[in-house]
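Here are the chains, one letter per residue:
Protein chains: 2
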Amino acid sequence: MLKHERQLLIQKLVNQRGAASVNEIGEALSVSPMTVRRDLEVLDTHHALLRVHGGAQSLTMKALPELSRIQKRNLNVSEKDEVAQIAASLIQPGDIVYLGPGTTNELIAAHLLVGDVRMITNSLPVFESFQERADQFQLQLIGGSYRARSGAFIGSLANDVLSHLRTTKAFISVNGVKDNAISNANPEEGQTQRIALDNTAHRYVVADLSKLNKQDFYSFYDLSQVDRLITNPAINRNDVATYSKYTTVMTTA
Amino acid sequence: MLKHERQLLIQKLVNQRGAASVNEIGEALSVSPMTVRRDLEVLDTHHALLRVHGGAQSLTMKALPELSRIQKRNLNVSEKDEVAQIAASLIQPGDIVYLGPGTTNELIAAHLLVGDVRMITNSLPVFESFQERADQFQLQLIGGSYRARSGAFIGSLANDVLSHLRTTKAFISVNGVKDNAISNANPEEGQTQRIALDNTAHRYVVADLSKLNKQDFYSFYDLSQVDRLITNPAINRNDVATYSKYTTVMTTA
DNA sequence: TCATAAATGTTCAACTTTGTTCACGTGCAC
DNA sequence: GTGCACGTGAACAAAGTTGAACATTTATGA
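If you're matching them up, the sequences are chains A and B in order.
Numbers 1 to 253, taken from my numbering, label the letters of the first sequence in order.
Numbers 1 to 253, taken from my numbering, label the letters of the second sequence in order.
These are calculated hints, taken from the structure and not from any lab test.
Misleading hints may appear alongside valid ones.
Where chains are identical, the list cannot tell them apart; a pair therefore holds if satisfied intra-copy or between any two copies.
The calculated DMTMM-like cross-link candidates involving lysine to aspartate or glutamate, where the alpha carbons are at most 20 Å apart (straight line), are [stated by the list, open to error]:
#1 Lys3 to Glu41
#2 Lys214 to Asp44
#3 Lys3 to Asp160
#4 Lys3 to Asp44
#5 Lys3 to Glu24
#6 Lys80 to Asp95
#7 Lys12 to Asp222
#8 Lys214 to Glu132
Whenever a hint applies, use it, and build me the whole structure from the sequences.
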């Protein structure tokens, strides 16, 4: 058997079984463990598999996402994380969901338990947060010009595409909620957000408590048009009460 | 038996079996191993098969396992780099450039010296290769459904957007160039490539030498419609000469 | 923490494959 | 016939591949 041929067989074997030990491979192909080790080293440098102590592991099988999610949940549950968890609980099978840019939306992927959901976003970090679970969701990124500060794609290209898409739910993360208006720092990004809100059935504004009663540079939507304002429990509930006249306020409390 | 006749038989044998050793071939054709070696050397320089220690291996795509993007990136790095350098030299200030997915296109950023260029791509790796130089270029990513294997955004969303954009130059990286057709592995990705080619003023096909005379699953464009085929210098120029009747072939030689 | 076993990398010798060189034979032109 | 070009196979030195021995590192459990 040719060396290269043998290496292909090893790669195939490891991919089939997810992982294999050096001795297993050696027996299967009737070569010494030393030869297997040398082959594994070559295959590893070619990124055909992952060399681990005792054998090798397939790179195509992503075996660990569940663990990392549980780990994440047990780790410091921040305020943003609480808000993301509420948002995730609103998503149901069959939904077509738009997620805007923002760190809170990046956390939704970790909390989303249901499948059969179509996710649409114009945020590269949000997109990446879903990527390792690409097999469980239909995932679409809205392209356009890139704004590095927020990781969002904006501009006419993004707006054009968004204006042709109808979603069932849109989650918009904002910098400020004040006087019946929601706002953020960048006009172009705000325009894109507005288009997303205009083309969805259910509008959810996501904002941790620190954003309430703040106003940022560009106001882009009317709070009364929003279905729900999702925020976390107030130590002082006055802020939340202020906004409940415009919309339903959801908190973890 | 004529020498040429025998070499064709060897090529056929290797393609049928995926791989064959020098001794196997020698026995099958009743010639000495030395003769087989000399034949294999000729066939290898003509890219009819791949010479490996102990024998030879078929180059037909079905015989090889599907390679991941990372594996591909490590393949023929210097050759791809040469090709990328030629491509970069064709880009001028004022151009609106489309770069398709492909490891060769990922290398263009590093070689691009001029500014005032608008870059449009549907490939996340290509996009990332330009990101650190975002201040020097206008950079736009075409979104859509994501194909993890190639890092490309495809599907109707991507096609819609692309069909509305007019570029001055498009660089398309392909898996195969054969019989006046260019091809790659994925039909959806091929469709997106075709749209990009349909909407540009200057069409450049980028392919290192290993792609010539290969055919992959999905043919998506006519080579005669292409302005230039960019490849690297052949040790044996026969392959390149074959394609120069359809298009201008550029090499580093 | 330490002891123990398992796995690893290094080195070397045996073996295989390779390329170089040369000799031989065939076919063809003169 | 002679000379020449060419393809072929054999001999041999060089290079590559393999498996075993052994020292080192890593994992695991007491």
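Note to self: Taking the earlier hints as the rules, which of them does this structure contradict?
What the structure shows: 3, 6, 7, 8
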